[in-house]
Amino acid sequence: MVDIEFEWLMTAHVEVKRPIQIGNIPTGFHQAVPIGEGFMEGPQIRGDVIPGSADWQLIQEDGIAMLDVTGALVTDDGVTIRVSSKGMRHGPPEVMARLARGEVVPPDEYYMRAVAEFNAPEGKYDWLNKSLFVSWGERYDNKVVIHYYRVL
Amino acid sequence: MTMTEKSQEKNIDDTVVKATDPGRREILKVAGLTAGSTLVGMAPSSLEAAAFEREAIDGPPAHNPSSEYVFSITAEISGALTVGQTTTGQVRAIPITGGSVDGENFSGIVVPGGADWQQTRKDNVTEIEAIYMIQLQGESGEQTFVKVVNRGLIVPPEQPGGAAYFRTRIMFTAPQGEFAWMNEAIFLSRVGLHPDVDSAVLVEVFRLV
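So the protein lines, in turn, are chains X and Y. Take 10 as the starting number for the first sequence in the numbering used here and just add one per residue. Take 2 as the starting number for the second sequence in the numbering used here and just add one per residue.
Note that these hints are calculated values from the structure, not bench results. Fair warning: this is a prediction, and the values are worked out from it, not measured in the lab. No residue lacks a Cβ here, since even glycine has one placed at the ideal position from N, Cα and C. A few of these clues could be false.
To be verified - So, partial list: chain X residues that the calculated Cβ filter (under 7 angstroms) puts toward chain Y: (1) Asp12; (2) Phe15; (3) Thr20; (4) Arg91; (5) Leu108; (6) Arg110; (7) Val124; (8) Val143; (9) Asn151; (10) Val160.
With the sequences and hints as input, model every part of the structure.
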């Protein structure tokens, strides 16, 4: 059995702001983490985050935070691409408490992973429409660093 | 209003600022500041985090993600039911009529009655969404039903005779207990015609590590 392998697409640094808390809803604790500036770079793509989206999070009873972001980026040659990412973050309670306090926690101490989908217009970047992508993330006090990979 | 008139009508959401305009970065910056200042429910400014700064991105991180094989699903299928051409593509459903599940410490069956809904887009990529149920039996001997939603892409080979790219994210909804681990990770699958079973696909499930 050959495992599924991955090819690096890009790394993004994205500013995140303080959560807007909706509170307890029937399926968990709901909040939105607003996304500010950001930028990304990889061998075939470079660009900026278009500010103004949010990560809509549902923190479930089992402690898992389900993550759901839809935003857009604009490449350095002027193409706007939609990015939609759905995933999860969880870890041992003491690790998650350190993250919540804004401490720098090595990203391998928690699990922050997602599946990403791109919607690119016809042209130079339309190959993004034809693959599955995953990401793994690092959470810091004022930003997230997200590494995107193509699923081979 | 005819379709032509409708398509010529000025859309209220038409972009004012083109991404290629000079001063693009300044516009983005202002947009970010504006969004932040008008949000309701933000923490007081004294609790704001440190300013966000641009840093160099020096290539990929030291370690790539990896995957580990977890189990396989053999899904038996019957002939496609064609819905036909829709505004977003050619739509069909492939009934899932049964099958088996093979894991290291558990096994099970595919409960008949699900379907794989497919839509082939105009770029010839097929989006799939298979929804069905599996019934598992692990070391406890108890029977557990688990919901499966498998979404992904089939991309035809670039060269005739090549292999299609058929990759998905497979999501499970399992009750608390023996199979709760199925809720707690991102799982991917690689799908192809089953090498040994007629009218079946083999779904190999991997955990994103």
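Against the structure, the hints come out as follows:
1. Asp12: Aspartate 12 of chain X check passes; min Cβ-Cβ to chain Y is 5 angstroms, inside 7 angstroms.
2. Phe15: The hint holds - phenylalanine 15 of chain X has a Cβ within 7 angstroms of chain Y, the shortest such distance being about 5 angstroms.
3. Thr20: This hint holds: threonine 20 of chain X lies near chain Y, its Cβ roughly 5 angstroms from the closest one there, short of 7 angstroms.
4. Arg91: Not OK, violated: arginine 91 of chain X not within 7 angstroms of chain Y, min 13 angstroms.
5. Leu108: Check failed: Cβ of leucine 108 of chain X comes no nearer than 13 angstroms to chain Y, outside 7 angstroms.
6. Arg110: Because about 12 angstroms separates arginine 110 of chain X from the closest Cβ in chain Y, which is outside the 7 angstroms limit, the hint is violated.
7. Val124: holds, 4 angstroms
8. Val143: holds, 6 angstroms
9. Asn151: holds, 3 angstroms
10. Val160: holds, 5 angstroms
When the structure is compared with the earlier hints, violations turn up for hints 4, 5 and 6 and for no others.
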